[in-house]
Amino acid sequence: MAATPTQDLPPKGGYAPVNFTRIPARSYFNGYQLFAGFGVVSAVACYMYYKTYSLVRREDIEMRSGRLAVEPLLLAERDREFLKQIRRNRDEEARLMANVEGWEVGTYHGERIYKTIPSERFIDPVINEYFAHGPSKAYTDNAFFSLFS
Amino acid sequence: MAAHIAPAFRTPMTDLVGSVMTHQTGSRCADFEMRAMECLEAYGVQRGRVRCVDYLDDLRECTFKIKQLARVSEMRVERHRQWLMGERSSEDHYAPPARSDAY
Numbered sequence: 001m002a003a004t005p006t007q008d009l010p011p012k013g014g015y016a017p018v019n020f021t022r023i024p025a026r027s028y029f030n031g032y033q034l035f036a037g038f039g040v041v042s043a044v045a046c047y048m049y050y051k052t053y054s055l056v057r058r059e060d061i062e063m064r065s066g067r068l069a070v071e072p073l074l075l076a077e078r079d080r081e082f083l084k085q086i087r088r089n090r091d092e093e094a095r096l097m098a099n100v101e102g103w104e105v106g107t108y109h110g111e112r113i114y115k116t117i118p119s120e121r122f123i124d125p126v127i128n129e130y131f132a133h134g135p136s137k138a139y140t141d142n143a144f145f146s147l148f149s
Numbered sequence: 001m002a003a004h005i006a007p008a009f010r011t012p013m014t015d016l017v018g019s020v021m022t023h024q025t026g027s028r029c030a031d032f033e034m035r036a037m038e039c040l041e042a043y044g045v046q047r048g049r050v051r052c053v054d055y056l057d058d059l060r061e062c063t064f065k066i067k068q069l070a071r072v073s074e075m076r077v078e079r080h081r082q083w084l085m086g087e088r089s090s091e092d093h094y095a096p097p098a099r100s101d102a103y
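The listed protein sequences derive, respectively, from chains A and B.
Read in the working numbering, the first sequence has 127 at position 127, and its numbers run on one by one without any break.
Read in the working numbering, the second sequence has 59 at position 59, and its numbers run on one by one without any break.
Looking at chain B on its own, in the form it has when it is part of the complex (with noise of 0.2 Å):
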């Protein structure tokens, strides 16, 4: 993965403690990210590219949020858009406001 912080040689030291930068340390995507690690250690890197897309994609978007963040900015855009086609009044514009302390 191109992302990835790897050493440039492997070795059995660095395969012990190279890992710097990952997932592992109790964020949310420390599964996903086993899960597609696993799958990439056995089937390897150019296979598992095929196999193991699933995986990959998953812990693309766990990382990056991508279809989430889109989900909320279609919403916001569907919002406004019923606003000026007038399907949605102007005390109707937003829903509540949720509470700050509860996130």
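Chain A extracted, bound-state conformation (with noise of 0.2 Å):
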């Protein structure tokens, strides 16, 4: 062939040498420096959670002392309440059998509840009892509360 062919060949004179020196990147701080300020944002940070957490053992203790204090006041209105409705359904009974025979409050058709209890004693009644008079609504939503809590 008359023609040569073209090669892709190396410049005349070879490359230009390449830089390969390294360039290490910018450093701001050196390690001790970067474990000073680990140790400088961790004392800031103890203090304030020291500060908080005595906070909150504070709003602890004063909300355990008002609970205390206001219990005995709960208790006793609670006490007040269901004397009165018991004593609400005695009345609401004698109303309510004024007409039965041989019904006398407090016993099941004249016989008393207890035998061997005489007649002065309290007796506790049971759930049925004191919500005998109301709506069977107010039984079913409430004896499920009243009995466990």
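I should point out that these hints are in silico values taken from the structure, not numbers from a laboratory.
There may be inaccurate statements among the hints.
To be verified - Calculated pairs, DSSO-like style, for lysine-lysine (alpha carbon to alpha carbon, straight line, at most 27 Å): (1) K65(B) - K115(A); (2) K115(A) - K67(B); (3) K84(A) - K65(B); (4) K137(A) - K84(A); (5) K12(A) - K67(B).
To be verified - Calculated Cβ distances over 10 Å to all of chain A for the following chain B residues: (6) F9; (7) R10; (8) T14; (9) L16; (10) G18; (11) T22; (12) M34; (13) E38; (14) V45; (15) R49; (16) R51; (17) S89; (18) A98; (19) A102.
Keep in mind the model is a prediction, meaning the values are calculated, not measured.
Glycine is no exception: its CB is placed at the ideal position from the N, C-alpha and C atoms.
Two chains, each in its own frame: build the complex with the hints.
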């Protein structure tokens, strides 16, 4: 062939030298400074945690003291309402069973409930007796609450 | 008593630790049960069934609340009967409901 084929050859004189020196990244802090920074931030955070934890403990104590102070009041109120309600139940029973023969209030057709207990002794009502004279919705809605709290 | 859960053989050890289900753990019927059991201990079971029948009946009543519940249902039946027969008006059918947090 007359024409010589073209080849991809390096330029005359060879390639220029390649610069392969390392360029390290710019470092702002060295290792000791980083550890020191960690220590400072941890110390500040520890102090803030201590202050907050003290506040939480103080609030817990205050809430607990308040609850302990109020609890006897609430129990007394509950007992008063209980006694009033069973009094109302007794009156309602007297009104309701006035015309039934042989019925005395507090007995079952004249029979006392307990034979060996003197009749002046207070007999604890069962939950059905407590809710006996209201609508049955009151019993079904509230019996679970009363029995388990 | 038929409902008593008792060991099959009675030895001093079972007398000591054999009472599994009793009312003695602060229940309302603890005193009833104690009186009944002391009476049965004094008379034995056979004579005790006759002599201590009052204590046993009271224990049964406390355990199952038979008369108290029967009273309640009698009263409710009477209330509904009075309403049906017209002796009680519809506004008066029930008393005001009891407060739920007071029982």
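We went through each hint and held it up to the structure:
no. : hint             : verdict
1   : K65(B) - K115(A) : holds (13 Å)
2   : K115(A) - K67(B) : holds (12 Å)
3   : K84(A) - K65(B)  : holds (23 Å)
4   : K137(A) - K84(A) : holds (21 Å)
5   : K12(A) - K67(B)  : violated (122 Å)
6   : F9               : holds (32 Å)
7   : R10              : holds (28 Å)
8   : T14              : holds (29 Å)
9   : L16              : holds (28 Å)
10  : G18              : holds (26 Å)
11  : T22              : holds (19 Å)
12  : M34              : holds (12 Å)
13  : E38              : holds (12 Å)
14  : V45              : holds (19 Å)
15  : R49              : holds (16 Å)
16  : R51              : holds (13 Å)
17  : S89              : holds (14 Å)
18  : A98              : violated (5 Å)
19  : A102             : violated (4 Å)
Hints 5, 18, 19 from the earlier list are contradicted by this structure; the remaining hints agree with it.
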